[in-house]
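2 protein chains.
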Amino acid sequence: MSALRSAVASTGRRARYADIFPWVTSPFIVGAPMRVMAGPNLALAVSRAGGLGFMGPGAKAQDTAVDLAKVKEILESQCTNDEKLFAAFQSTKRLPVGVGFQLWNGDLPSATSAVQEYQPCAAWLFAPRNGQEELDEWAVKLREASPGIQIWIQVGTIREGAEAASSAHRPDVLVIQGAEAGGHGRAKDGLGLIALLPEAADRLRESGIPVIAAGGIADGRGVAAALSLGASGIALGTRFLASNEARISKGYQNEVVRATEAAHSTARTHLYNHLRGTFGWPEHWSPRGITNMSWQDHIAGVPFDELKQRHDVAQESGDKGWGPEGRLATYAGAGIGLIHSVEPAGVLVQRLQNEAKEILSGLAH
Amino acid sequence: MSALRSAVASTGRRARYADIFPWVTSPFIVGAPMRVMAGPNLALAVSRAGGLGFMGPGAKAQDTAVDLAKVKEILESQCTNDEKLFAAFQSTKRLPVGVGFQLWNGDLPSATSAVQEYQPCAAWLFAPRNGQEELDEWAVKLREASPGIQIWIQVGTIREGAEAASSAHRPDVLVIQGAEAGGHGRAKDGLGLIALLPEAADRLRESGIPVIAAGGIADGRGVAAALSLGASGIALGTRFLASNEARISKGYQNEVVRATEAAHSTARTHLYNHLRGTFGWPEHWSPRGITNMSWQDHIAGVPFDELKQRHDVAQESGDKGWGPEGRLATYAGAGIGLIHSVEPAGVLVQRLQNEAKEILSGLAH
Chain L
1 MSALRSAVAS TGRRARYADI FPWVTSPFIV GAPMRVMAGP NLALAVSRAG GLGFMGPGAK
61 AQDTAVDLAK VKEILESQCT NDEKLFAAFQ STKRLPVGVG FQLWNGDLPS ATSAVQEYQP
121 CAAWLFAPRN GQEELDEWAV KLREASPGIQ IWIQVGTIRE GAEAASSAHR PDVLVIQGAE
181 AGGHGRAKDG LGLIALLPEA ADRLRESGIP VIAAGGIADG RGVAAALSLG ASGIALGTRF
241 LASNEARISK GYQNEVVRAT EAAHSTARTH LYNHLRGTFG WPEHWSPRGI TNMSWQDHIA
301 GVPFDELKQR HDVAQESGDK GWGPEGRLAT YAGAGIGLIH SVEPAGVLVQ RLQNEAKEIL
361 SGLAH
Chain H
1 MSALRSAVAS TGRRARYADI FPWVTSPFIV GAPMRVMAGP NLALAVSRAG GLGFMGPGAK
61 AQDTAVDLAK VKEILESQCT NDEKLFAAFQ STKRLPVGVG FQLWNGDLPS ATSAVQEYQP
121 CAAWLFAPRN GQEELDEWAV KLREASPGIQ IWIQVGTIRE GAEAASSAHR PDVLVIQGAE
181 AGGHGRAKDG LGLIALLPEA ADRLRESGIP VIAAGGIADG RGVAAALSLG ASGIALGTRF
241 LASNEARISK GYQNEVVRAT EAAHSTARTH LYNHLRGTFG WPEHWSPRGI TNMSWQDHIA
301 GVPFDELKQR HDVAQESGDK GWGPEGRLAT YAGAGIGLIH SVEPAGVLVQ RLQNEAKEIL
361 SGLAH
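Taken in sequence, the protein lines are chains L and H.
Counting in the numbering used here, the first sequence runs from 1 upward without gaps.
Counting in the numbering used here, the second sequence runs from 1 upward without gaps.
Derived by calculation from the structure, the hints in this document are not laboratory data.
Since the list gives no way to pick one copy over another, a pair counts as held whenever it fits inside one copy or between any two copies.
In silico SDA-like links for lysine to any residue, alpha-carbon gap of 20 Å or less:
id: 1; residue 1: Lys141; residue 2: Asn130
id: 2; residue 1: Lys188; residue 2: Arg268
id: 3; residue 1: Lys188; residue 2: Ser286
id: 4; residue 1: Lys188; residue 2: Ala300
id: 5; residue 1: Lys188; residue 2: Thr260
id: 6; residue 1: Lys84; residue 2: Gln119
id: 7; residue 1: Lys70; residue 2: Gln90
id: 8; residue 1: Lys308; residue 2: Thr291
id: 9; residue 1: Lys188; residue 2: His264
id: 10; residue 1: Lys188; residue 2: Thr269
id: 11; residue 1: Lys188; residue 2: Thr291
id: 12; residue 1: Lys188; residue 2: Ser265
id: 13; residue 1: Lys250; residue 2: Glu343
id: 14; residue 1: Lys188; residue 2: Ala267
id: 15; residue 1: Lys250; residue 2: Thr260
id: 16; residue 1: Lys188; residue 2: His270
id: 17; residue 1: Lys70; residue 2: Thr112
id: 18; residue 1: Lys188; residue 2: Trp281
id: 19; residue 1: Lys72; residue 2: Ala88
id: 20; residue 1: Lys188; residue 2: Gly280
id: 21; residue 1: Lys70; residue 2: Arg94
None of the values given here were measured: they were computed from a predicted structure.
Work out the full structure: start from the sequences and follow the hints.
In structure tokens, the structure reads:
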């Protein structure tokens, strides 16, 4: 029976993670590489708590090297030999965090040079302009620059996953992102994880590539659900935006805690990208975020130039730029209604694990 | 911790189901009331296997009474005293199946008269034109006609659920339908179950009303996931379309088995309603179905009158009217990629239960 095979297989995969990332504990919790907001402190806090933290791309391509240097500095100054994480770093010489790259406007030479110099344990590739060909190019160059680096590819459809799995430069891990995800996801052909994940797991089973679930998960219930659906690990983004270590404005973070009922309070739209001056995203993707006055006015027909002017004024107002009366981009996932407080990322990782374990054990008996 | 409380609470709720529906086994599997396609044979097969089967509304309002009479006839002619289900029927005088009513074009007098005469154990209410007021009117009249009947209300948003829970005529059970569902669901404010269900469970906790998950679930993985998210039971529609007992054309059923990758092969649209001559659905809802030539031609700009003509010709062609080259309505959910065979409904119920139990027990250890 496919469901059972999948559940059994995922157990084997967790064991493999522990070989590659010897500090991780179960269930495998991953901090997603949110652009700018997932920096050195967040990524390292997730890893130190037994997960795997990724840093997002920075505002500039060179920021990746700066952030990796910072990870190294914190590790060497704050961690001690009795931390499993530090021991792994010392024996492998690999930084126990991953880095994310947004390919369509990424810079491959900076990426390879940062990875070569600092040797992060994994790279998470996302949003190529030219599909698998571009993913392959990055995978090849990053593996050349850092043999043994784990290549993770994030997809939002089964066909992207199947294409990546059949490539000669196939990834070590596939992240399956459901339609509930915040930030950029599939614009038109996304699907909810509850249907997408098991079908993707079935389709990818022969490849042996493990599957990580992403999108709309914010507590132990979602973690337990994703494991049930066949995931061997769970990536969370929005939940970690409401952590002490996130590199985020207070006004933005308050919104992640405040907002509920994502069906009514979020939308997928390029409006906020454009208001921020970001153009050129490939058409396959668009971002989910919490809506505010920019969106309300847009719906009401206010022309873009006027919206842009109001947006730029709001940007000068500090934390008041966010919120229902605000105008600034507030990318977030559909799990916002499950997030009620800002907490240390390490506390979150351990609670997610404990909740999931208690739920599964309660349901099994 | 809310997640844990929820998991614990749902265990208590399962115990309560066994008081009301003494033949049900765990996990609680529900056959959804698909219009016409869920008839007496399907509903009773689901209940006899330890679930609770609902019959859908018929093509005419009077069909509900005809279908209920048929359930009674099968029960009395085929079931024996040693079946828990039959014993429950004999002691309670209630039919061990439920009936579904689509309110906006339903007929309340026929419904109350059918329920009074045949005493089904539960009624599932869906799609009022006038919101909670109309749901209340149906709940009151059905409870008058059949004191003790379990009133289930299906919602697709948290605010609908909260409104129903705070009504003086609140339901006994709330079915939370995610955006992955087939047939009619929320047109614009649907959300994937993985985010919708736990937030709904949190919001409804104080009411004590148990929550059933629906939408996109087709195997034991989805059942285990929904339980993890806080559901106390799982309703499946599309999975039971591919059962021997479904009242469905072979051409339609073949499509449910054939189609995969719902993100690309299904759409939410009223086109097929209109081609079938069904107009007047309240704007909140629209149906998901497998797309075919009617949709392709519509996208390509073929006018409705021409589409209708081609549709009506296809309707004369029997089972060839369905399929990628067909033109007939093929309502189905996003779980289609998980369905690979037509099987007896009772076999499905028991496999869903066994798979879920094995997955949960495997993950707990």
